[in-house]
Each structure stands twice: as C-alpha cells, then as structure tokens.
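Number of protein chains: 2
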Amino acid sequence: MLHGREPGEKRLVYAFEEGNKDMRGLLGGKGANLAEMTLIGLPVPPGFTISTEACREYLSNGKKFPEGLENALEEYLRGLEEKTNRVFGNRKHPLLVSVRSGAPVSMPGMMDTVLNLGLNSDTVEGLAEETADPRFAWDCYRRFVQMFGNVVLGIDHEKFEAILDRKKAASKAASDQELKAEELKSLVAEYLEFIKQETGKDFPQDPKEQILLAVRAVFDSWNNHRAIVYRKIHRIPDDLGTAVNVQVMVFGNMGEDSGTGVLFTRNPSTGEPGIYGEYLPNAQGEDVVAGIRTPIPISAMKETLPHCYEELVRISGLLENHYRDMQDIEFTIEKSKVYVLQTRTGKRSARAAVKIAVDMAKEGLIGKEEAILRVEPEQIVNLLHKGVDPDARLKAIAVGLPASPGAATGKAVFTADTAEVLGQRGEKVILVRPETTPDDMHGIVYAQGILTSRGGMTCHAAIVARGMGKPCVVGCDALKIDVDARRFSVDDRDGAGVLTFKEGDVISIDGLSGRVFAGEVPMVSPELTGEFQTLLEWCDETKSLGVRANADTPQDAALARSLGATGIGLCRTEHMFMAPERLDAVQEMILASDEAERRRALSVLLPMQRGDFEGILEAMDGLPVTIRLLDPPLHEFLPRVEDLMAEIDELRAVASSDENAKERIRKNEDLLRKATSLSEANPMLGFRGCRLGIVYPEIYEMQARAIFEATVALIKRGKTPRPEVMIPLVSIPKELEVLRERVSAVADKVMEETGVSFEYTIGTMIEVPRAALMADEVADFAEFFSFGTNDLTQTTFGFSRDDAEAKFLHHYIHNKIIRDNPFSTLDTDGVGKLIRTAVKLGRKAKPWLKIGICGEHGGDPASIAFCHEAGLDYVSCSPYRVPVARLAAAQAAIKARKDVTDMERAAASN
Amino acid sequence: MLHGREPGEKRLVYAFEEGNKDMRGLLGGKGANLAEMTLIGLPVPPGFTISTEACREYLSNGKKFPEGLENALEEYLRGLEEKTNRVFGNRKHPLLVSVRSGAPVSMPGMMDTVLNLGLNSDTVEGLAEETADPRFAWDCYRRFVQMFGNVVLGIDHEKFEAILDRKKAASKAASDQELKAEELKSLVAEYLEFIKQETGKDFPQDPKEQILLAVRAVFDSWNNHRAIVYRKIHRIPDDLGTAVNVQVMVFGNMGEDSGTGVLFTRNPSTGEPGIYGEYLPNAQGEDVVAGIRTPIPISAMKETLPHCYEELVRISGLLENHYRDMQDIEFTIEKSKVYVLQTRTGKRSARAAVKIAVDMAKEGLIGKEEAILRVEPEQIVNLLHKGVDPDARLKAIAVGLPASPGAATGKAVFTADTAEVLGQRGEKVILVRPETTPDDMHGIVYAQGILTSRGGMTCHAAIVARGMGKPCVVGCDALKIDVDARRFSVDDRDGAGVLTFKEGDVISIDGLSGRVFAGEVPMVSPELTGEFQTLLEWCDETKSLGVRANADTPQDAALARSLGATGIGLCRTEHMFMAPERLDAVQEMILASDEAERRRALSVLLPMQRGDFEGILEAMDGLPVTIRLLDPPLHEFLPRVEDLMAEIDELRAVASSDENAKERIRKNEDLLRKATSLSEANPMLGFRGCRLGIVYPEIYEMQARAIFEATVALIKRGKTPRPEVMIPLVSIPKELEVLRERVSAVADKVMEETGVSFEYTIGTMIEVPRAALMADEVADFAEFFSFGTNDLTQTTFGFSRDDAEAKFLHHYIHNKIIRDNPFSTLDTDGVGKLIRTAVKLGRKAKPWLKIGICGEHGGDPASIAFCHEAGLDYVSCSPYRVPVARLAAAQAAIKARKDVTDMERAAASN
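Chains as they are written, first to last, in our numbering: chain B, 1 to 910; chain U, 1001 to 1910.
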C-alpha cells in the first residue's frame, strides 16, 4: 500500500523510478519525462509524481483528497529522505523539494512552480548552518515564501515585489544580490506579516501542511479560468486532470562551482552538431528567467568546469540517442555535480531542422522516412525567400495580409509610372497603392514589393506578386493612402500620434508575416544547403504524387523546374493578355462589334501568344504543360468605370481646342459603354471561363492555334513539347464536348498546314460543384481533370473569398464556427467530398484519367495529404512552394503506408 | 403479294381498312388515324398508305423504290377503282386521288398535299362530261397542275400565282371564281408550257407517272433542309422515315349541297358541350386556307343541310367517345354526303381544358385521374391573372422579360414619389424605372405594374412584384429611359423612327409575355369556374405533396390560403425591413458602431416585426408558417453609392446657407462610408444569411423575439399559431448549431416572461452545395429542411442568375448547350443530385425530418414532379401559382403510380 492503492487499482503516487515515458496520461508530460530520464540512469534529483488519477478523484469528489493519498505522500517523502539522507522538516539536513504541476498535454495557465518547499523559521537556520551560508539560506526562504504566497495562497506577485523594492531602497541595494543575510531575514519577517494580513492566517510553518496546500493548489489550478479557456480553445478534454511532481531541490546558487543553464544537443539555428547553450554560474533557474544577469555560452565551461562540460556532452549524447531527436535540456550544477531537470525535443530553425534530419539519417540514428517526417513543410518556405532577420527586434508600423512571401525594402512610390521610372534607373521601390489593376503592371514589374491597403489574398496584387515571386502585403487597412498627395499615414501603434510617409521615404515589407516597417530592416538570404537537396531527393524517392508548378512565364517555369517541378499544372493565359503592350489589341477584341472585327484583333494577338507558349513549352521541354484557355471576365481587361468617367471629364475640359483629346474621348466613351455593359452583379459567377469560349469561339480558337503552332515550332527545333489544353469553368458536359471538338479541329488544321504531327491532350478544370457531380459525363470528353479548388471552395460554401475574408471569415475562425480558413486548407468535409465523388465518377468512366489539383491548396501540406489519399496523380503550386509540396507529398505517402500497416497489424492481431 | 411483301416481312402498303391507330410507326400519324376512322365505320373516302418501311428502304438504298412497291401501288389503286367504280387514268369516271405525307411524329416542313392527282388533258374532259361542269373540271386540273408543279417539281409557287394574276387581269376577273372554264383551260395551257420551260420536260400526262413522282417527292422531302433542322431541334431520330397517304378525292366544290369545314366536338374556347365550328359551302379545303371567302358557323347548316348537320353531330359523338377526348375534325360534303378526312385531339383554351376534363369525368367518359392529367398546369396560370385579350390583334412597342404575370394599364410615371401621389389620388399608374431599389417601395405599392429597362428575373422589381402579385416587365432594354426628363423612347419596331412617351402617357404591360404596349389594350378577367374548383379538389385527393405558398404579408397569406395553400413555406422578413417608415431604423441599426447602439435601433423595429408576424400567423391560423430570418446583405438597405455621392454634391451647393443641409450631408456621408465599406465583389456569395446572424447575434434575436411574442399574443387570443423559424444560407453545421441555441434561448425567455408555452420548430434552408453534402450533420440541428433552389442552382453551376441570363444563358439554350433554363426548370442532373443526397443524408440522420422546397422551382410543374419523386413533403410557390402546383403535384403522383404499375406489370410478365 506504499502508493496508496490496492493491487489492480490505478495508483495515486509513483516514484520517478517507477514510471516511464509512455505513462503521460497518468504521470503527465513532465512526470513521465523525469521517470524516463531516471530510468536510463541520468542524474535526475530523486522525486515522485502524484498521478492524474489522484487529481481526477479529488476534483470529482468535491475537492477531497482521495483516501490514502496523504499516507502515500508521507511514504514517498520518507523514500526521498532515505535517498538523500535528509529529513523533511528537520532542522538538521532539512529536505527541501520543488512542487510542479504537469498535465498530460502541455497546458500553459496551470500552476507555476514552488521551489524550496520545506523551509520554515527553523529549517532555514539548519540550512544556514549546513551550508555555512546564511545569506543563501535566507535567500532560499525568501524566495519560497514569496512563491508560496503568490502561487499557493493567491496573493498578487506585485505586492511582494513592492515590499522587496522598499527593502532594497532602504538598504541602498541595487539588486537582490546585494541584500545581506540580515536584510533578507527581516524581509522574510515582513513577508510573513504581510501574508498574515492578507490571508488572516499565519504562514504555514509545518512542511507537511505546506506540501498538502501546494498539491491542493496544483489540483485546483486545473479548473482556473485560464486553464478552462485554454482547454476549450485547444479542444482538450476537461476530465484529464493534472499530475504533481515533487522533487528534491538541488541548488545552482552554491558558489562558482554551481550554476544553472539550458543546452541543445545540436545548434538549433544552424543544425551543426555539438552541444550549444548557455548557463549562469552561481544562480537558480529563476535568475535566468528574470534576465538580471547575462548568461555565458556553455562552451566557456570547458575552461571553468571541464568535468561538468564533459558530463553534459555525455548526457547530451545519451538523451539524443535515447529520444532519437535533438533535445533541449535544463540542468543545474550543484557543487560540480550535474543534475538534469528536464529534457524535451528542441525547437529549431528551418535550416537546422533540415540539417539535423539529414545528418541523423546519415548517422543511422533515424531512417530516411523518419528524416522526412521530421521537417515541417510549412517551415521550409522560410528557406526559399529572403526574409526579415528573425532575430532582429523590430516594431512594425502596421500589419496587413501576408499575400506573397519574401521581404523587400525600397522607396515608397504611389504610381506605377513612378515605379517604372525609378525602377529603370536601378532604384529599389515599393509600390504602395490602395489596390492594383492591370494598368499597374508596368510598375509592378519594376517594384521590389507591393503594398496595398485594400484587397484580400486573391486580389490582383496578391496573385500577380505570387506569380512573380515578389513580396507583397495587401489589405493593410491601417494605411491611409493619399495617392494624389503622394503620401500615406498610419496611426502610431503605441497611440503616440500619426506617422506620415511621403514618396521616396524608405519602407520595408515582410510578405511572410504581413508586417510593414519604417526604413530598412535586417534581412537574411535564402539558402539551399546540400542537406536540403538531399532531403528533397529522398522525398522524390518516397512520394507517389507528382508535383507540378503554376507558372505563366518561361522564367517562372525555369525556376519551378530548378526547384523540382516535373511539369506545369496551371499556365494561366490571362496575364499574357494583360501585358501593357498587348492591352490595346485585347481591348479592340473586346470592343469588336462582330466576329470579323474580333478575329482581326485576335490575329494581332496570335503571334504574341505563340511566342509565350513557345517560351514556356521550351523551358519545360519534355515535361507536360497544362495551359488554361482564357478564364476571367472580359471587363477585367478594361479600365474601371470610375476611372474612365473621370478621364472623360478631364479630357472634355481641353477637348474644344485639341483634336487628339476628342479622339481619346471617343475611344474612352466606347470603353465606358462596353465596360458598363460587361459589368456584372457577381462577376465570379458570371460571363467567364468556357462561357466566353462557347459564345466567342474565335478567342479559344486563336489560343489553341497559338499553342499548337508553338508546339510545331519546337518540334522543328528538335524539342519535345507536351502541351495539355485545359478548358476552365465547365459546369455542363456539353460545354466541354463542344469546345473539345473546336480545339481538336484547330489541331488537325495546324497539323495539316504544317505537315507536322504532334501529341496533345484536352482536359478541364473541375471548379464548380456540378462538374464534380457529373464527372462521369465530363470525363467522356477529357483526358485529364484539374481541381480548381479556389473556385470550388467558393461555390461549395457559397463564399466569395475576398468578401468572406474581409467580412466574416475571421469572426468564424475566431469563434470556432469553422476550424481552418477553407481557402488556405482544403475543406475535406464538403469540398473534399465533391473531389472524391469526381475522382470516383471520372475514373469509373475513364480509368486512365489523369487527375491533379491546381488551386492554391496544391501548395498546402494538409491539403496535399488529402490529395494523396483521394488518389490524385499530382498537385500543382506556385514555384516557390514546389519544395514544400515535394516534402508534404512524401510525408503523406509515408503516413498513408503507416496507416495501412497499422490497420494490417490490427487486423492480424484480431 | 398484294402488299408487295412475303408473309412475315414488314409490308410496304396498307389499305385504310387494314390498319389501326396503334400503327403510327409504320403508317405515320395521319395514316394510322385514317385507318382507325375507317375501322370504326366512319365515312372516310377510301385510300391506302405506303408505309414508312418503304420510305426507309428507299432512302437507305440510294433512292430506289423497294422491290415490289410499284406493283403493290398498282394493286391498291385497282382496289380503289373497285371500291369507287372509277378507273385511274380513264376518261370516263376517272379516279382522282390526293397524295399526302404523314410521318410518325408531327413534322412541319414535310411535303405539302397534292390534290386531284390523276387528271390530265384527257381525264379532265371526262370529268367535265361526268359532272356537266367544265368550269369545275378545269378548275380542278388548274389546281392540280399548280400544286404538282410546285410541290413535286419544285417550281416556285409565286411564279404560278404571277401567271394566274396576269390571266385574271386580262380577263378582268376580281377572283379565281370569276374565271370561266375557257379561261381556266387556257390558263392550264400556259401552266403546262411554263412547266416545260422550267423543267425542260413535258408535264407528266400519265397518272401512274404522276403518282410515282408524287410518292418519290414525299420520300425525298424527309431529307429536305427544313425537315432535318426540325428533327435536330426536336431530337427526332433521322431514320424514322415518312409514310404516304393516297386517298380518293371527294369534292366540296360541287354546288351548294357541297362544302368543306372544320369542327370541334365541344367549344374549344369555353368548353361548352355541342359541336362548334365553321364551314364554307361549295368550296375545296384550300379555299378555306386561302381566306378568300369567309366561312359561316356550322350551326347555320341546321337550316341549309339539316341531315348533314345531324350526321356531323353523330360523327362527332362517335369520335369523341372513341378517342375519349374533344376532337378537331376536318370534313367535306359532296352532294349532301358527309366525308371525314381527318380527326385529332383539339387544342383548347385553359378554361375549356378544365371544363372539358371535369365534364368528361362527370359524364363517365374518363376517370378523375385522367381528367387531372388532361389539363396542362402551365396553362391554368392564365386563369388566375387578368390578361391581355388573347384574341386582340396588338402590336407591342417592345418586349422585356416576363417577370410577374398579369396585365396592367396606366399612366407612365418615372419616380416612386409621383407614383405615390397619383396612386393616392386613385389614378392608375405604371412605374417606369431603369431599375427599382428599396427606396421605390412606396411607389411600387401604388403602381398597377412595374416596367424596368434593366434587371433579370430576380431583380428587385421582379421579386417585389411577384410577391405582391403585381404585373411586371423587367430588363426591357429597348427602352431608353430618361428619368430626369420624365420620358422614355423606343425605336419603332417597324424601323419607322423613334416613339417617345412622356409622363402621363398611357401604356400597358403584359407580365405573362413581357410585352409593352402604347395606350390601353383589351383585357380579360380571371375566372375561377366551378369546374376549376372541382378539378383542384380532385387534385388534393390525389396528390401526396403538400402545397404551401411564399408570402410576406397577411394579404398574400390570405390570398394563398384562398387558393388552397396549406401553409407558408417561405415568409421573407427583408421586405418588412424595406418598408419606407422602417428604413430609418434599419439604417440606424446598420450604422451602429457597437452592439448597444445596434440593439437600440433593433428595439425600434421589434414591435413592427411583431405586428408583421402576428398578421401572417393569424391569416394562416392553424397552418404552419416558415419564417426566414434576415437574409440579404445589409448594403441592400442603404441607398446606392452613386446616388449618395450625387446627393452630397447637390447638398454642398446649398450647404453654406442651410444648417439643415449640413446635417443631411453628415448623415449622407455616414451612409456613404458604410455603404462603401459594405460593398462586395460578389454580394450573392458575401456577408448575408446566417453569416449576419452569427456576427450580429442581436439581429436574429430581435426577429426570434418578434416571432415568439406574436405567437404568444395569438395564443392569448385563442388562436393556433404554428411558427417555423428558418435559418438561411447555412454551409457549416456549426452555424446552425449556434443559431439554433440562440433562437431557443429567446423562446425559453419569452415563455418565461409571458408564462405562455408554445410550439415551434427550427430548420434551415439548403441552398449551397456544402449544406446538401453535409445534410446528415445539418439535420442534427434542424426539424426541417427547405431547399432554396435559386441559390442552390447558382452555386452548383457557378452561375449568377442575373449575369447568366443577361450574358450567355440565352446563347446556351439557343445552341442546345443546355436544354432548359435551370432557373425555370430544376436541373435534375446536377442540382437534383444534391437534393437527393441531402434528402437521403438528412432522413438517415433524422427519419422524421420535414423537407420542402421554397425556390421558384416550387411552382414549376416539371420541378414539382421531381420533388415528388425525390420524396419531399411539400413545395412552396407564389400564391398565384398554388393551383398550378396542386395540379402538378397530383399529376406527379398519378404518373409515379403508373410507372410503378407499369414496372410491376412488366415484372409480372417476365
């Protein structure tokens, strides 16, 4: 009955040596960890854990300690006395312990630590005598009383600090260290008096009472307000309960051969092997946290305490081997003796994560698959862009939406024209606009980054910037931009007034976090280390999903290929239409009053498009390139109605004397009429995609011709182009049937005209629910499907992305109406159901149907895992996310195999 | 081998007495019909039919007559000779026949009739001698040559008419009738000469050659361009072929005891019993068609040819009894002998259809179910609205979209204010606007009808008008409306210039056809005859679907109830918000900067809403009323941004001297700021529906309170209110869970406050795909589902209704990309699949779940049939469509039972 229970019952108390790391549920995380370290023979100060079972009984039983708990506590304290040759509550060799909470799941908000428990007016004297250091003893007591008063008795920490400050002032002491033993003694007396005032009771001098109160306080803290909220948010069950760890005190503040510190088994920033950390000689843990003294690098210990350093290296190796991962270790040295108080898997930078995983696999510590699983896909985005130095302490002037990763610094400019002029001169500029339109493209090209006050993650600026791999922050609505006055202002975030930036002032943006800074900020450069390459090669050996890229230009295609893309999953053609030198022809095409006029304008565009496709197909020579025919509504290629009206007004003012102006008025009026007639209530659901191709056959015919003529040109040059023609926004199988016929007819014609035959495929995007629901019929006319999950998410939810993100989606996420933003992480419940339906129906009709995804979800690790499960052939994402996707695809394959193995194992064991 | 075939082969020729009405495939519709009439002993001139089999062989065999056809033709002609005692091609008693095409499916565009075949320069003399009427004989020959030349030889009809006109001029004859025998004889000579010139051949004098050429012409006409196009459009198989009917001529032009005419067995306009029709004495069929002489009512025959009249009454009764439906009969009288040439089911007006169906059922001719099936649901809409007199010959000045049925006449007015002023004075006005907004409500209320130049079937004007049962034409883009000048103009449709209408000019609109007229037009009033009531009662006995109405006011609810609605399926609450006297409070609510302000504004609205609900619940006392909480985006309650800007500009001009104006500027600026911040890229997918309810809980709480307080008030007055609270636009089950909790909490609170307990249910609309896909989880929080098929269609297709109808849907329908407009007739392939999924999942989770539909499809007969099949509990539609829905629901039930019976029968016979 040592542990307070009959055999077979769950025990109330476990000594560290009685547990192990698999007993987290019963011992809590910290308890299981201490047990495990004890088990493998590390120098852990002895102790025991009061189990979560005890806590659960306490809480469900009206806050009464379970029967037998007090006895068990006494028994186990007696065990500690035996191990340490000390006696709890005894003046001579008093046993001091720490009391800490430790839930099964990491839970901030639980009770803090109480150190030095067991001290009282009597034992403190014993400690002073034993150590011959009264100042040390009284300092320990002072700390204990303060912590106990705060943590167990619930008195505001600040009030103790106020008393301490008065004492320091009275003693003319600059810091706690300068208080002498006598001063500390009188401080303790003041504390005890103050506690009596506050609680109406004497401070408990009996160590047994102290420990019971502390245990009760830990149990009670399970149900404090902060803990309840935390559990609610993180969906942690309310009935887990917490364990309590009681451990013999060791003291890092017993002179220069003592100390306390933290180390990593490898460098957490670079991943280099060898222990890395810092420590504080002659100090207790709190002193490190308080930041009063500056710790020194652990390597210094080689000189000062070489044996301890060696012991730490030994322990570090032992723990890393045991846990098979880089560890973050807390230790204390008491008179040259090293104690380990805590170990956990160490947090690390992206760079370190990659290097450590690959190194460990090469060292044979883990397998390649485990190495792959060790790196967070999201993390490696940081390796691929210039970023703001994560170590720099910076204050952002505003925060917008992180629309395109990377950081940029430059002069703020407010028009595309200025951006172009300065950019051509080689100056670095950030284009700052309320929002951007196709008219701003010439400026965007020359800008280092883009910053807008309006728009969401799919606004023009965001899409263009991501496509170009340019840093971009959008929707930064704190900025008040006055384009005419060429300046923006923003309220100082400390409330100290308004900051104003005028054209030419240097600013910086961080597209990864959405932060905007005044002036220059320190940056770190992207690095593709050898280990990173190695890891990605392992991924390619492991994954079954193909990874393609979304790219619209030969430059992007080449970049994607260099980052490991094995094809283009989405080559949009509309950005080609938006290039400034083509916009005239595009607008003529739109303004055409009949088919003949439209064909004339299209014939101007044909050679340009052919050139585009030739470039991309050549960059991806031998790899498939999926080219989507024109998708956006035509009004996107026209200036905005408001702008046209304003310009007409301006021109009218000078028109009487200026023939040129009259001509421009006429042109603008044509544009205005057309823009008005093309305007739509809900453009996202309007006249776009294949609907354009059906009503104006000549547009898609021109594009098909450009693709096929480019194909022929490359074949003639000995290349192997692999074009795939993709028809967007199909909702009716007949749409695809009709357009497929027309595109095939163009291919036949080009073959006939040139005498060169070539391979190509025709497929469609599945981006509205109806196409997914009728995928069997759609598949009759498609060699491939590509899920356009952005639009599919919009239509399945009935969410307009920009509107939802601006108006209610944040509220939804904050209030847990929905778990994730479905535009970032694929909604597997709803949209996923449609995807599975489409895959099933599509493959039923055509088993060899190739199926991919080209929405932004194609670069999101969780969504990639779903794509793997759903049986897709490939994902496609922006070039810079290709490595992320390769890693995520490999992880998905490994996890799926594990799940299968687990299921087989379970089946075999039945 | 009489019929040209070995036993067992399909025959090439059938005498009329050898066929029957079930042989349409082989004999064509006309042939089968003639056979059937012969079979039941009617006086049909003898004849035979060359089967479609012969045509198919001819066509598939390079236009060669099947072996044996010519022989069979001769044999059957011999048969006719025997029956008539005449000889084909003989001068004495020559046999004359008609040759007509007759496909299995009615197919305009096939070859026309040739009459009097068998005449030549020889037999015409015989006919003249036999009848002692040379004029008659030459007139017959003249007609034959002309018809044969046109129809068989392919010479333009106009050219014969030109020759005829010259002859009339030369003879000073005002009409054909005045041409004498000799003149006709020389006319024939001219015709024959002309034919020789045109064809290079002599006109065939041999009757056998004539008949073979005529048969060949009929066969060939199967593949003429018009026929091919017609088959393509109507999806008629190309390989059916046509039959050819050869029939002995009878002559209505043999004096005053001869004649020809058409009769209906009952009055096709009123449905009254008794034969009804008209005839032309001494005439052949063509003369009726040509419209040269005016026919006289058939009742006149009672005096002139009483025996013939009695014979027609006898035949009429015989045919109606035989076909068990009202017949449309063609007859000819030759020297007092009545011949029947054709009978078919007679077309009839809606009123007649209802009366005839009910009368026949009462007479025992058909069963009640058959009576129900005899009336087209769509047709009876005409019985429920004042309409433009269908008999009036009117010229529309323009045609728009028929947004809300009914016709109206009134003075054109261009602002809601004017409409209100004149309307209050009792004048009838038509409100003419580019489009309407909530600000126009006070004018709409006083207008007889609404006419707009913009907008689609779901624009504000259309929805409001349908809700009010007010005639409305929208999107009439031919109108150029100048509101400031108070006039509109429209191009004259004959190209004769521009018509201009100023304020006060009388116009009329027809909301059933979309037509707009200048001035007043004759109208017909709706009639609910006794038979109509009877029919609908039979429907109610038969149908299993419930029929509810969409109604937002007590008046509409009462109307719906009087038309047979057994509940309200959709009571929208937004129109209540739009009433002018409330708009201020609504706008204050929207402008509120915090919850407290919002609650204050809502508290102003609460009593008004309570009054609304009390009225509707009382009107539907004892029946369920589904009330949808607020759905539209809030910006719909604000003035348009453009209007606000214009008004601010105007006010500024006077503001310096006018404090009042300054105040209004401030208010408008507030509104403008809010309207701008609320504006959305795609409002249909934006911040609306339950998303409002989630973010602003107080809005739905106010509405719930209003509903429940109204419920309590009615209970206290001894009534039985049955409120059903409907949450719109759910896409995430959690949305419904949260809102359900809040609404229930309000109900509990109201019960507690009033001490009155009441019943209510909470449910949701299924109107985005995700709700359908996750219907099992949604059903956990719902007592009912109601499919909002308008939005569900929009999101499933990715179509914005207004944009699609304006931009590409017409093109799609015209080019057969899609068969029906999915906003009129439910898309059973895509949207229907989601509905079936939702029904299945919903009922799996909650078997007693009540499921209805409240989109506009709820009033569409084809969609109602689908709802019946899909297992819905009820449909809901606009009040005026309730009778349509009752009829359609009954028909769906009958057809479904028949299908089951047929299947059982098929199963039993296997």
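Read the hints as simulated data drawn from the structure, not as lab findings. It is possible that part of the hints are untrue.
[Said to hold, decoys possible] Distance condition first, Cα-Cα at most 20 Å in a straight line; then the derived EDC-like pairs of lysine to aspartate or glutamate:
#1 Lys734/B <-> Asp1829/U
#2 Lys816/B <-> Glu1741/U
#3 Lys1232/U <-> Glu741/B
#4 Lys1840/U <-> Asp829/B
#5 Lys1674/U <-> Asp477/B
[Stated by the list, open to error] Derived coverage of chain B by chain U (criterion: at least 3 residues anywhere in the stretch with Cβ under 8 Å from a Cβ of chain U; other residues may be distant):
#6 663-672
#7 715-722
#8 733-745
#9 809-820
#10 827-834
#11 876-886
Note that the structure is predicted; figures quoted are calculated from it, not measured. C-beta atoms are modelled at their ideal positions from N, C-alpha and C, and glycine is treated no differently.
Here is what the structure says about each hint:
no., hint, in the structure
1, Lys734/B <-> Asp1829/U, "holds (13 Å)"
2, Lys816/B <-> Glu1741/U, "holds (15 Å)"
3, Lys1232/U <-> Glu741/B, "holds (19 Å)"
4, Lys1840/U <-> Asp829/B, "holds (17 Å)"
5, Lys1674/U <-> Asp477/B, "holds (15 Å)"
6, 663-672, "violated (count 0)"
7, 715-722, "violated (count 0)"
8, 733-745, "holds (count 3)"
9, 809-820, "holds (count 6)"
10, 827-834, "holds (count 6)"
11, 876-886, "violated (count 0)"
Going down the numbered hints, you'll see the structure goes against 6, 7 and 11, while the others check out.
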